[in-house]
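Undergrad: Following the hints, position chain B against chain A.
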Amino acid sequence: MSSTSVSLCAPLRLPERGGSSRLQFGSNDLVLEQVRGGFTLLWSDGREARRYAFGFGEDGELTLELRAPELPLWVTPRELLAIVPGARWSGYVQVPLVPTLTWRRDGGLPQTVVVVHARDLATEWDEAQGYRCLAPSALYVRFPMRSGEPRAVVPLRITNRSQEVLSPAAIPLRLADADLHELREAIVCSPRRLSWNGSNFVVMEAPTLATSRT
Amino acid sequence: MNRRALHRRLITGTLVLALVACDEPRPALGDETAAELRALRLALQQPATRPGPVTTERPAIDAAMAPLREALLGLLASQRQLEQQQLALAQEMQRWSQLLIASSNDQRAEEGKALAARLQALEQSLTAQDERHRQVESLMTGALDRTADRLEAFLKQLQALPAANAPGAAGAAPAPAPGSGGGPPDGRPDPDHTSTRSDPEATPARVDAATAMRRPWRWAWGALGALGLLAGVLFFRRWQRAEMPSRTAPNQSKPQVQASRSNRTDGASAYEPEPGRAPLPADGEPGVDEIWAAAALLGEAVGRLRQTAPTPGPSEPPEPPLAASAEGSPPTTAPADVVELDALDDLFVIEDEEPVAPSPPGPRSPSVAPAPTPSAPQFVRLRMPAMGERSRQAVLSRLQSDPRVLRQPAPKVVAVGGDVEITFALVPRLSPGERGHLEQAVRDDC
Chain A
1 MSSTSVSLCA
11 PLRLPERGGS
21 SRLQFGSNDL
31 VLEQVRGGFT
41 LLWSDGREAR
51 RYAFGFGEDG
61 ELTLELRAPE
71 LPLWVTPREL
81 LAIVPGARWS
91 GYVQVPLVPT
101 LTWRRDGGLP
111 QTVVVVHARD
121 LATEWDEAQG
131 YRCLAPSALY
141 VRFPMRSGEP
151 RAVVPLRITN
161 RSQEVLSPAA
171 IPLRLADADL
181 HELREAIVCS
191 PRRLSWNGSN
201 FVVMEAPTLA
211 TSRT
Chain B
1001 MNRRALHRRL
1011 ITGTLVLALV
1021 ACDEPRPALG
1031 DETAAELRAL
1041 RLALQQPATR
1051 PGPVTTERPA
1061 IDAAMAPLRE
1071 ALLGLLASQR
1081 QLEQQQLALA
1091 QEMQRWSQLL
1101 IASSNDQRAE
1111 EGKALAARLQ
1121 ALEQSLTAQD
1131 ERHRQVESLM
1141 TGALDRTADR
1151 LEAFLKQLQA
1161 LPAANAPGAA
1171 GAAPAPAPGS
1181 GGGPPDGRPD
1191 PDHTSTRSDP
1201 EATPARVDAA
1211 TAMRRPWRWA
1221 WGALGALGLL
1231 AGVLFFRRWQ
1241 RAEMPSRTAP
1251 NQSKPQVQAS
1261 RSNRTDGASA
1271 YEPEPGRAPL
1281 PADGEPGVDE
1291 IWAAAALLGE
1301 AVGRLRQTAP
1311 TPGPSEPPEP
1321 PLAASAEGSP
1331 PTTAPADVVE
1341 LDALDDLFVI
1351 EDEEPVAPSP
1361 PGPRSPSVAP
1371 APTPSAPQFV
1381 RLRMPAMGER
1391 SRQAVLSRLQ
1401 SDPRVLRQPA
1411 PKVVAVGGDV
1421 EITFALVPRL
1431 SPGERGHLEQ
1441 AVRDDC
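Respectively, the protein sequence lines represent chains A and B.
Here the first sequence stands for residues 1 to 214, numbered as in the working numbering.
Here the second sequence stands for residues 1001 to 1446, numbered as in the working numbering.
Just chain A, same shape as in the assembly:
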């Protein structure tokens, strides 16, 4: 995984004793070292560095996975979006993914070791709607340039079927790991089609990407 390309699943090699292995994607830099009593991981996201201590065996492999946020996601556009009645807007938004370190023994199920919560993914809770994640994103009219950051590009189409101008404060999205694909050295989500009926967004059936999850 280079600094500008990003993949959904990247193995992190367990180093020999006294050695280290390194993984870099975007502004994130991971250095795994084996010390006398176990392993240490230094994770820097460009602004803050955190240190973890692990105990790993020899019959498994460590993997860094980029997962979709589990909670309902609301994308808050950085630009003002206004759609007149009967019109639509098509473009792209970028949503942050959740880097997760998983450990998988031989033939076993993956077990989550560490979940690094994305900095630009704020979580809220209220009694009416429960949990929800808020993620700011710019509205792109072209496919965003790859940056290596753990973000997914979501092709989006919003149709205004009401009689009033639609200017949403946030766009609801629900992502799953199965919707994420590697494309153009970036992570692309299956297209989303939303329709505004005057009171709420309705999710419409969208075409699926032809590529398979690698």
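No wet-lab data here; the hints were simulated from the structure.
Hints should not be assumed to be uniformly reliable.
[As the list claims (entries may be wrong)] Only some residues are given here: those of chain B computed to face chain A with a beta carbon under 8 Å:
no. : residue
1   : Ala1077
2   : Pro1403
3   : Arg1404
4   : Pro1409
5   : Val1427
Backbone N, C-alpha and C fix where the C-beta goes; we use that ideal spot for every residue, glycine too.
TA: Same frame as chain A, now just chain B:
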């Protein structure tokens, strides 16, 4: 003499004029610039007319410049983003400066003073209400404690009575076999023990003892039923009161209602009428709150009483399944989702004016207050010694920027007595290690 000098001057002048006339005409400055531009254009057009070497080198140049182009595009994108951020910052600074200028105005200052005085009066009234509430709470707690003690003593006496009459202790007849008249014909235990009356060996003293054993339980269940009835009536009254203002203020939109509800849980403005709402009766809402608090305390006392009640022996009637599950397993409404480090979390008990789904009191829920759903956030409360303003800002900044902390409900740092109480909510499914790491980071900031 004068003529010679005049001739000399004329000759000299003529020669000068001849020399000046023979010089080349100097072009104007604009013409010179235009000529240079023309020459430059010709020089630029000349390489373009040579198609041979350029066409062969262009793909190589493009290939070599591709990374640079991407880097430049990235720089441009980041520059645009920085420009947007700078613009937003400038706008915010402008708003702040306008606000500062506006606040320095005399009229605004007077309004600010009036608002400060109003706020002070409101705080005093809140303090008085809080004190009154505590007095009522202490009264109710004392009365309930005394009642609970008496009931415990009574139940202990009842426990001693069946122990004296137990079959093993008294050396009485062995337990009857199934189907022999001591139980139902299918061998299952009779929940009401009605079959003891048909036991031919049952003496009147044993029947009286069994009847006396059942009476306190009936009384306890009757008390629970009365509590449920009381709570139902209270909830109905509260529901009616909540419905009346919404009818009197039809212009209020739903989001405002929800916002006011969420704000009311903050505690400080719990009893303040909202601007768009009709004011509640002065003696209505606080009294209902006190009754709710008393009902909650009563429910807790009954629950504690049930927990300290003696376990049923082999000869006692089995508990109903609901009660057995409530005692054997921890309640699902549990406050296991609420991490309490210091004291009981009364956020959902007293300060919540309108419970979302208040469950009626019964054997399952010892508390009348609405229990948090399993999806409710985990709250962490840390009580720390008093800290300076800088430490307080550092703690708040950390909690507001940490993605493991919920933005809503927002983290709070409140002075309680001489200490400081830090309250924040965690994202779901956070590992204990992450939680401990976060708490330690907050302690380090203090």
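Undergrad: Return the status of the interface hint for B:Pro1409: holds when the least beta-carbon distance to chain A is below 8 Å, violated otherwise.
TA: holds (7 Å)
Undergrad: Is the interface hint for B:Ala1077 satisfied, with its Cβ closer than 8 Å to some Cβ of chain A?
TA: holds (7 Å)
Undergrad: How about B:Pro1403: closest beta carbon in chain A under 8 Å, or not?
TA: holds (4 Å)
Undergrad: Is the interface hint satisfied for B:Val1427? The criterion is a beta-carbon contact with chain A at less than 8 Å.
TA: With a minimum Cβ separation of about 5 Å from chain A (threshold 8 Å), the hint on B:Val1427 holds.
Undergrad: Does B:Arg1404 pass the interface hint, meaning its C-beta sits closer than 8 Å to a C-beta of chain A?
TA: Where the cut-off is 8 Å and the nearest Cβ of chain A is about 5 Å from B:Arg1404, the hint holds.
Going down the numbered hints, you'll see the structure goes against none, and every one checks out.
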